[in-house]
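S.K.: As a plain string of letters, each chain reads:
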Amino acid sequence: MKALCYNSVKDLRVENVPDPEIISPKDMIVRVTLSSVCGSDLHIINGFIPTVKAGDVLGHEFMGGVVETGRDVKKFVKGDRVVVASVIACGECHYCNQQSYSLCDNTNPNAYLPEKMFGDTLAGIYGYTHAFGGYAGSHAQYIRVPFADNGAFKVPEGLQDDSVIFCSDAFPTGYMAADMANIKPGSVVAVWGAGGVGQMAMQSAWLLGAERVIAIDREAYRLRVAKEKSKAETLNFTEVEVLEALKDLTGGRGPDCCIDAVGMESSGTGIGYAYDKAKQWARMENDRPLVLRDAIMACRKGGTVSIVGVYSGFADKIPMGAAMNKALTFKMGQMHGPKYIPRLLDHVQNGDVDPSFLVTHKMGLHQGQQGYDMFTLKEDNCMRVVFDPQKSLQHG
Amino acid sequence: MATIKIRSSEFIDRGVIKPLPTGSSYMNVGSTERIVSAAAGLALMYFGLRKFSMPGLLAGAAGAALFERGASGYCPVNNLVQRGPAKKSVETAEITKSLTINKPRTEVYQYWRKLENLPTFMQHLESVSQTDERRSHWVAPVPGGVGKISWDAEIVEEVENEKLSWRSVLNAAVDNSGEVLFKDAPGDQGTEIYVIIKYLPPAGAIGSTVAKLFNPAFKQMLKEDLRRFKRLMEIGEIPVSEAQPSGKKLAFGDTTHDKIEQAYESPLL
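Chains as they are written, first to last, in UniProt numbering: chain A, 1 to 396; chain B, 1 to 269.
Simulated from the structure, these hints should not be mistaken for laboratory data.
Certain hints may be false.
[Claimed, not checked] Once the Cα atoms are required to be at most 35 Å apart in a straight line, the calculated DSBU-like pairs of lysine-lysine come out as:
hint : chain 1 : residue 1 : chain 2 : residue 2
1    : A       : K116      : B       : K163
2    : B       : K18       : B       : K248
3    : A       : K74       : B       : K18
4    : B       : K97       : A       : K362
5    : B       : K248      : A       : K362
6    : A       : K317      : B       : K248
7    : A       : K116      : B       : K223
8    : B       : K148      : A       : K116
9    : B       : K219      : A       : K154
10   : A       : K75       : B       : K148
11   : B       : K163      : A       : K331
12   : A       : K116      : B       : K18
13   : A       : K116      : B       : K97
14   : A       : K331      : B       : K97
15   : A       : K10       : B       : K248
16   : A       : K75       : B       : K163
17   : A       : K74       : B       : K248
18   : B       : K18       : A       : K331
19   : A       : K231      : A       : K362
20   : B       : K114      : A       : K74
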């Protein structure tokens, strides 16, 4: 089959790779119909997350049709249309029992790597480096889905692929961001990053009862989408002083809930940005935590900072003084997919949220590099490039 | 050789049990002789194994034996003819690890207590067979696939569902002892297991240094073994990601199918 593989930093190639096979009785094989790029892929492609190897198949946000099931798979049969959580969870360990699926003890074959990097093992994630298990990703015609009964979900009749694909990762991530943000009646929620996850966080904030939602980004078109699709007030940080503007917008209090949907490669302005950019370029700092700093400084006293943007290592100049003295609550993590996906599919089916507006570009795998370039450079008002791996059949 | 008495009353507290210095940790070759043996052994191995022929292999094997004699300071021939300097005591190396398994204590204990199960998660063991109520025979392949080592062990204390301790009996390839404790984890999180393994470095005083160097690796090995145990208990399998599609160029004759076969070789799938 064809698959989009990492070759070296900012160099992706379509390769002929062997078809996946059932390895464990709990596996199933899915023929991928849609597989999305994700901002977190960029950290890998740009060389900031170690343990990626040439030949690794990328992609973790996908859906498709079941073509083969292992003998212990109970929930699915050949032909079922499924969306699959990007995080691979066993369903049996203590963490899975607590629905903290991304903390699964058992699905990472390379547990010793996160143990060294982070002090403990973490769940495997499709196509997301060997530290996260070394599982083959979804930018391929077929993918092996381990622990299928726990990670895959049947797509309700009548829903379009475009509306469902983001229930794999962006929607549960955004929803978890809002869920962790401690939203109460009257809460003002600020979301940094108006990409796929940020938009889903904004819409989830409404679902969870937010009073107001404020989007912060530098891309005018993304802020336009935030206003039109996610009903947010918008701030462009290249035009206004964000901390001041957030105070001015909230009666001088600041937002109750601050969501970082950007992570380690955030952009900014001024000297801080130049400092972090230089350190990161020299690989002296993995993470460029501009958004996190702003979120901490902007957050109202006693408020909550919820982090779903990805950080991989060490970050400098985190204003702990502000966090401590303002008594902030920090909540963060990779999303616990299977906890949220059923209710998100319900929301999509009920018409509460339709994430299909995020699909701005559809391509074949052979356009993989081009797709990621477009996504990185935010060309042509790109929100998300989504690959149709079957489309590449017609091309070399 | 004197008979060693094993009294289980000695082993009340955790980690009290110690391996008996009877096997390869016992030195009966003098220092100069050891250096000469090791050097000659290395030379024989080098020249023997350069040529892939029967005489070459024999020379290589003889070299390996000589080298081991030099490195370990133990010569079975000397032992037989009662030759050699007085024994030296060596430092006991110890590794400990603990892990929480989300299963009831009885289930976890019973799986471990059936010693035949141990190679399903202890990657460096080939087999364990229980020879009588207390004794068992352990076989491990030598890394690199050039033979096997084996030893006998004896259970010195057993408290059902709580504790199991053992130690290797006379003339073990590696003198070792160990203890596994099984405790209920707080807050309904299953079972905590605590493993303490002690061994006498096979290479005597030199070995103590080597053991210090390698102890972190052994510790990691034990950790990985326990992790496999946990996964086996919790999900009935040990997940793999290697045997699957990748764009990396495969070596000649190497196919994904072969890799899957290898994954299947694990007795757990």
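S.K.: Determine for every hint whether it applies to the structure shown.
M.R.: Quick rundown of the hints versus the structure:
1. K116/A with K163/B: holds (30 Å)
2. K18/B with K248/B: Violated - the C-alpha atoms of K248/B and K18/B are around 48 Å apart, more than 35 Å.
3. K74/A with K18/B: violated (49 Å)
4. K97/B with K362/A: Not satisfied, since the Cα-Cα distance of roughly 50 Å exceeds 35 Å.
5. K248/B with K362/A: OK: K248/B and K362/A at ~27 Å, within 35 Å.
6. K317/A with K248/B: At roughly 39 Å apart (the allowed maximum being 35 Å), K248/B and K317/A break the hint.
7. K116/A with K223/B: Cα-Cα ~13 Å, so holds.
8. K148/B with K116/A: Holds, because 32 Å separates the two Cα atoms, which is no more than 35 Å.
9. K219/B with K154/A: violated (43 Å)
10. K75/A with K148/B: violated (45 Å)
11. K163/B with K331/A: Roughly 40 Å separates the two Cα atoms, so the pair is violated.
12. K116/A with K18/B: holds (31 Å)
13. K116/A with K97/B: Status holds; Cα separation ~16 Å.
14. K331/A with K97/B: OK: K331/A and K97/B at ~31 Å, within 35 Å.
15. K10/A with K248/B: holds (17 Å)
16. K75/A with K163/B: Distance of about 40 Å is beyond 35 Å: violated.
17. K74/A with K248/B: Roughly 33 Å separates the two Cα atoms, so the pair holds.
18. K18/B with K331/A: violated (47 Å)
19. K231/A with K362/A: holds (25 Å)
20. K114/B with K74/A: Cα-Cα ~31 Å, so holds.
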